[in-house]
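Asks: One letter stands for each residue in the lines below.
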Amino acid sequence: MNEIEQFTKSEYKYGFSTDIEQEMAPKGLSEDTVRFISAKKNEPQWMLDYRLKAYRHWLTMKVPTWQNVHYPQIDFQDIYYYAAPKAKPKLNSLDEVDPELLDTFKKLGIPLEEQKLLANVAVDAVFDSVSVTTTFKEALKEKGVIFCSFSEAVREHSELIKQYMGSVVPYTDNYYAALNAAVFSDGSFVYIPKGVRCPMELSTYFRINAENTGQFERTLIIADDGAYVSYLEGCTAPKRDENQLHAAVVELITNENAEIKYSTVQNWYAGDENGKGGIYNFVTKRGICKGNNSKISWTQVETGSAITWKYPSCILKGDNSIGEFYSVAVTNNAQQADTGTKMIHLGRNTKSTIVSKGISAGRGNQTYRGLVKVSKAAENARNHSQCDSLLIGDKCGAHTFPYFEISNPSAKIEHEATTSKIGDDQLFYCQSRGISAEEAVSLIVNGYCKDVFKELPMEFAMEATKLLSISLEGSVG
Amino acid sequence: MLSIKNLHASIGGNEILKGISLEVKAGEVHAIMGPNGSGKSTLSKVLAGREEYEVTAGSVEYLGKNLLDFSPEDRAREGIFLAFQYPVEIPGVTNIMFLRTALNEIRKYHGKEPLEGPEFLKLVREKTKILDLDDSLLKRPVNEGFSGGEKKRNEIFQMAVLEPKLAILDETDSGLDIDALRAVSDGINKLKNKDNGIIMVTHYQRLLDYIVPDFVHVLLNGKIVKSGTRELALELEEKGYDWIREEQKEEVV
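For the protein sequence lines, the chains are V and W, in the order given.
First residue of the first sequence? That's 135 in my numbering, and the numbers climb one at a time after it.
First residue of the second sequence? That's 1170 in my numbering, and the numbers climb one at a time after it.
A portion of the hints provided could be inaccurate.
As the list claims (entries may be wrong) - Non-contacting residues of chain V with respect to chain W, defined by C-beta distances greater than 10 Å in every case (computed):
(1) Met158
(2) Asp183
(3) Glu234
(4) Asp359
(5) Glu376
(6) Gly531
(7) Phe535
(8) Asp558
(9) Gln565
(10) Ile578
What the hints assert, rightly or not - DSSO-like, lysine-lysine: derived pairs with alpha carbons at most 30 Å apart:
(11) W:Lys1277 - V:Lys147
(12) W:Lys1194 - V:Lys588
(13) W:Lys1320 - V:Lys588
(14) W:Lys1418 - V:Lys588
(15) V:Lys584 - W:Lys1187
(16) W:Lys1277 - V:Lys555
(17) W:Lys1194 - W:Lys1298
(18) V:Lys555 - W:Lys1308
(19) V:Lys584 - W:Lys1194
Since the hints were made in silico from the structure, they are not lab data.
We put the CB at the ideal spot given by N, CA and C, even for glycine.
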């Protein structure tokens, strides 16, 4: 008898939905939809023009098919592109936030009252297409830090948006980036001024609630000369039978001596054990180390989504700049993931580190895809890549596609890859020491992910550890 | 403490154990010897609860309870310890993390509070001292990159920390050079006391030079065919197993 045979599904804790009066855009996608969203957001003309340009470009593009994930064709006319809880147009304080929404976030473990929050974390809470509220705005303002919803930034900080939006991920970049540029609804905007070390962690919590709705958010983070910020995003969605599209764009910019640490704990609804429902998480994330001696570090823990497809990347333009990518991705049941990173070395003495830990269980299928590119001018570039796969059971799969394009002979590139399997022998060994099979899996998996978890802010590392054991609950019979 | 009666077990429809009976009392050391394929390792695994093996007949009573009713982890929590013939590697999990999890699971089962870091470390240090082990072993991933001898010593170290009531040592002597054999045996002797029982499964009598058994049993073709004392082991060493096979045939005739 195979102990790892039976796969049951653990309960998804965040699968509830909130019954709230919604304002929706008419179903489907057209120029009218784009205009509708822009009007809802009271956007200036230049923003609408940008959206329309993106939309028209998107129409000329083809759905990409090179990724190693499989799903039925998405009907882009069968999606709502805007859903917002009906509320007062302007929110100045929490008293004006619908109590139903406050309650929803409370249930998700994100109380939005500042006094109840972790004192060192500011939160922007995004519900479907709008930002509900942003906490600690005032405290941050004192330091000159701007942390607000993207919609607000378009209105209030248009010069920064005009300068930076699309500078790292242009709308022409790829199919879903173009779609996002046309219909993006909300997201977070962060600006850390020169020489400021952001006094608290910033975070955005994304919640999809409405049915048949896509979430298209944009995040833009700029760390000016010598600035530092640590940012975290989390996300959940209700259990629904149909798939929902989440196509976000994240852009990071670091000027000289600046550093951005971007962490993701992704827990979108993954679908049921037969692969019904769940979020399609198709996201473009990219950062540019523009200034010398700057650093961008991506850490992601991807446990949710029916399909995860993203490559948080770094363009190392400044001399001595550093890019890092630490990833744990879990695919259980029928989940699929094709994820990895791109490290583009342009400046001199640039350095990148890639640590990718894939965990496949159930019938989960997972691909690591990564590119390390060293341009001609990038003297003394260094990269270390470590790509590990862990298989639980014998019906899952792991694939690794590392690409290297090295055009400068001074580059030092190291690549290591391992595949291991949690087998019956290991489980029995643990059991014979008093550790149940389930705990054994959790013990082994956490040991395996240690190198990535240590990159997360403390509270979130604990959260991630918990999340991982929940995701793999029932992965042994 | 352990009473095995007419135990039959098979794997994939193949009967390996064909009616084993054995009594072990607290404080006793039993050696089970036998040629390859006689069922020695199977007996160890069946007692520890490996699910691949199906018990088709017989009973195993342990401290007044039906052992076969317990899951493998609960058997361990009840005080049974199997030192593996081939200890398994667990990459990424340090020895100390592994042992702490195991010990605290066992404690939880008995309604005891978990041992916190400093207390646990103290306990572990005591044990490494008794067994004359290097502390660096604690930080290494369980059995990963260990030499054969280190693996076996690590098994005995785990045994020292978990303090089982009944230890089953499955060919703990195999693959050890004479120094390692001595070190491992010393460790086992130090852990031996009047309250715990030990079953040693082995091919060779040389282990018995170091750990003196109270009883020696010969396992042949899934059955215990002869039991005796230390002298029986010496006789086996000298004459091999054939004479017992002959005896068996005569009995059948």
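Asks: Does each hint fit the structure? Answer for all of them.
Replies: Each hint tested on the structure:
no., hint, in the structure
1, Met158, "47 Å, holds"
2, Asp183, "52 Å, holds"
3, Glu234, "41 Å, holds"
4, Asp359, "40 Å, holds"
5, Glu376, "38 Å, holds"
6, Gly531, "20 Å, holds"
7, Phe535, "23 Å, holds"
8, Asp558, "8 Å, violated"
9, Gln565, "4 Å, violated"
10, Ile578, "6 Å, violated"
11, W:Lys1277 - V:Lys147, "27 Å, holds"
12, W:Lys1194 - V:Lys588, "49 Å, violated"
13, W:Lys1320 - V:Lys588, "29 Å, holds"
14, W:Lys1418 - V:Lys588, "65 Å, violated"
15, V:Lys584 - W:Lys1187, "47 Å, violated"
16, W:Lys1277 - V:Lys555, "29 Å, holds"
17, W:Lys1194 - W:Lys1298, "29 Å, holds"
18, V:Lys555 - W:Lys1308, "22 Å, holds"
19, V:Lys584 - W:Lys1194, "44 Å, violated"
The structure fails to meet hints 8, 9, 10, 12, 14, 15, 19 from the earlier list, while all remaining hints are met.
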